[in-house]
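A.B. asks: Could you put together the complete structure from these sequences and hints?
Protein chains: 2
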Amino acid sequence: MLSKAQISLITSLQHKKFRKQHGLFIVEGVKSVLEFLSSDYQVHSLYTTAEARTKMGNLPQKLKCITITTAEIQKISVLTNPQGVLALVHLPTVESFDWALLRQQHNLLLDDIQDPGNLGTIIRTAEWFGINHIVCSMGTVDAFNPKVVQATMGSLARVKISYTPLAGFIDQSEMPTFGALLEGKSIYKTDFGNAGLIIMGNEGNGISDEIVEKIDHPITIPRIGQAESLNVAVASTIFCSEIARQKSEHG
Amino acid sequence: MLSKAQISLITSLQHKKFRKQHGLFIVEGVKSVLEFLSSDYQVHSLYTTAEARTKMGNLPQKLKCITITTAEIQKISVLTNPQGVLALVHLPTVESFDWALLRQQHNLLLDDIQDPGNLGTIIRTAEWFGINHIVCSMGTVDAFNPKVVQATMGSLARVKISYTPLAGFIDQSEMPTFGALLEGKSIYKTDFGNAGLIIMGNEGNGISDEIVEKIDHPITIPRIGQAESLNVAVASTIFCSEIARQKSEHG
Numbered sequence: 003m004l005s006k007a008q009i010s011l012i013t014s015l016q017h018k019k020f021r022k023q024h025g026l027f028i029v030e031g032v033k034s035v036l037e038f039l040s041s042d043y044q045v046h047s048l049y050t051t052a053e054a055r056t057k058m059g060n061l062p063q064k065l066k067c068i069t070i071t072t073a074e075i076q077k078i079s080v081l082t083n084p085q086g087v088l089a090l091v092h093l094p095t096v097e098s099f100d101w102a103l104l105r106q107q108h109n110l111l112l113d114d115i116q117d118p119g120n121l122g123t124i125i126r127t128a129e130w131f132g133i134n135h136i137v138c139s140m141g142t143v144d145a146f147n148p149k150v151v152q153a154t155m156g157s158l159a160r161v162k163i164s165y166t167p168l169a170g171f172i173d174q175s176e177m178p179t180f181g182a183l184l185e186g187k188s189i190y191k192t193d194f195g196n197a198g199l200i201i202m203g204n205e206g207n208g209i210s211d212e213i214v215e216k217i218d219h220p221i222t223i224p225r226i227g228q229a230e231s232l233n234v235a236v237a238s239t240i241f242c243s244e245i246a247r248q249k250s251e252h253g
Numbered sequence: 003m004l005s006k007a008q009i010s011l012i013t014s015l016q017h018k019k020f021r022k023q024h025g026l027f028i029v030e031g032v033k034s035v036l037e038f039l040s041s042d043y044q045v046h047s048l049y050t051t052a053e054a055r056t057k058m059g060n061l062p063q064k065l066k067c068i069t070i071t072t073a074e075i076q077k078i079s080v081l082t083n084p085q086g087v088l089a090l091v092h093l094p095t096v097e098s099f100d101w102a103l104l105r106q107q108h109n110l111l112l113d114d115i116q117d118p119g120n121l122g123t124i125i126r127t128a129e130w131f132g133i134n135h136i137v138c139s140m141g142t143v144d145a146f147n148p149k150v151v152q153a154t155m156g157s158l159a160r161v162k163i164s165y166t167p168l169a170g171f172i173d174q175s176e177m178p179t180f181g182a183l184l185e186g187k188s189i190y191k192t193d194f195g196n197a198g199l200i201i202m203g204n205e206g207n208g209i210s211d212e213i214v215e216k217i218d219h220p221i222t223i224p225r226i227g228q229a230e231s232l233n234v235a236v237a238s239t240i241f242c243s244e245i246a247r248q249k250s251e252h253g
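Protein sequences appear in the order of chains A and B. Here the first sequence stands for residues 3 to 253, where the numbers follow my numbering. Here the second sequence stands for residues 3 to 253, where the numbers follow my numbering.
Hints were generated in silico from the structure; no laboratory data involved. There are no misleading hints in this set.
PhoX-like cross-link-like pairs, simulated, lysine-lysine; straight-line CA separation at most 25 Å:
{"no.": "1", "chain 1": "B", "residue 1": "K249", "chain 2": "A", "residue 2": "K249"}
{"no.": "2", "chain 1": "A", "residue 1": "K191", "chain 2": "B", "residue 2": "K249"}
{"no.": "3", "chain 1": "B", "residue 1": "K6", "chain 2": "B", "residue 2": "K66"}
{"no.": "4", "chain 1": "A", "residue 1": "K33", "chain 2": "A", "residue 2": "K162"}
{"no.": "5", "chain 1": "B", "residue 1": "K19", "chain 2": "B", "residue 2": "K77"}
{"no.": "6", "chain 1": "A", "residue 1": "K191", "chain 2": "B", "residue 2": "K187"}
{"no.": "7", "chain 1": "A", "residue 1": "K191", "chain 2": "B", "residue 2": "K191"}
{"no.": "8", "chain 1": "B", "residue 1": "K249", "chain 2": "A", "residue 2": "K187"}
{"no.": "9", "chain 1": "B", "residue 1": "K6", "chain 2": "B", "residue 2": "K22"}
{"no.": "10", "chain 1": "A", "residue 1": "K187", "chain 2": "B", "residue 2": "K191"}
{"no.": "11", "chain 1": "A", "residue 1": "K249", "chain 2": "B", "residue 2": "K187"}
C.D. replies: Okay, here's the thing in structure tokens:
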């Protein structure tokens, strides 16, 4: 049985302000919750229907599990079709950057991505291609927004997400920067090397002027047809795939 | 001023049954409507607010234009934030396949794609990479669904979409078939040649057994991280991009 206070707490977590205040975010679905349980994240509590509980297997003994009804899950779920499993998870603590690691790999930088579905797809796709750190501008949509969490399909449990002013990050990194721009060298003729920062811009406005100035390698995805632009998650996909292709060729 | 009958007609077009019955579909937004006006499609009528009309430039004299209020556009729009421009466009007539053309190029085949956003993104991305014909299984979501039209960002005006049973199409094509599967040859080590059928499967179930049997080249996008799968629009993107890359290298 859920108290009014519990319902109020959980639904408040749909808003960033309250996620910060309580230090918690929502994860839904059997698969996603299991992935967070086996990750470095700390799961605070788990709400399941009796039926959905049977799909979860053995859970850590210390985990606070609350059995609720289907009617109750409807009240706290953000999904149109709730799966009967909802976890509250502690927000990760903000860590300082591990520069030694960052400088050995390709990292994705997102400059004010606004759409939760786009960010979620970018995180999921980046993880497929082995990118394990995404650095977001302060204006990028919050990765712990339930719509983003949902769209990552569990990948958020494994990809590290940082929010920081990008200009300072780029300066401190001393890494080569590759920016997705409409005018630039063909992505297929660019050597991405072993490490670098891949910068993707806002859905409507692209990369901000302040960051464009810091781009060493302006890169374009050559257009054959007449489409005016590519979706940012699609463009990010092409960068991740091309970097993976080059590594598979050299490796 | 909109009559009740007009409102009822337009809102009915959100459903496939009524699109078929009236032979019409909805296109919204200044840019998308202009792209349909300059395409092979026949625009039936245009509903705009007085303010939005000023953004449309010169329109064909014969075009039936109806000026409506902001309150009225809210009643007929499918968007959360209507842009004040909505056109009814005639569904294209079903043409027989131009086999001579099809056999010279790469064509995308979609096996029961369900999500309107995915189909719209696939159409937009395919057009960017110069793929001008997409062949959909009968179970694929309707490309003239307003959500799909919206997600194509105008590309639907230029990419040809056919619905046909895929098995018969593949047999008749006599073209090499490349299928996106979890087990197969690396996409980066596959020579896609000058022409072929690229087959993408349903979001949950992949390519159906009947079609898997007809795949000459099972192709995989190599996974580096632990993500369980890729979104089908993301996977389609990687195929379109890799084919474009190979052509740019040979050409």
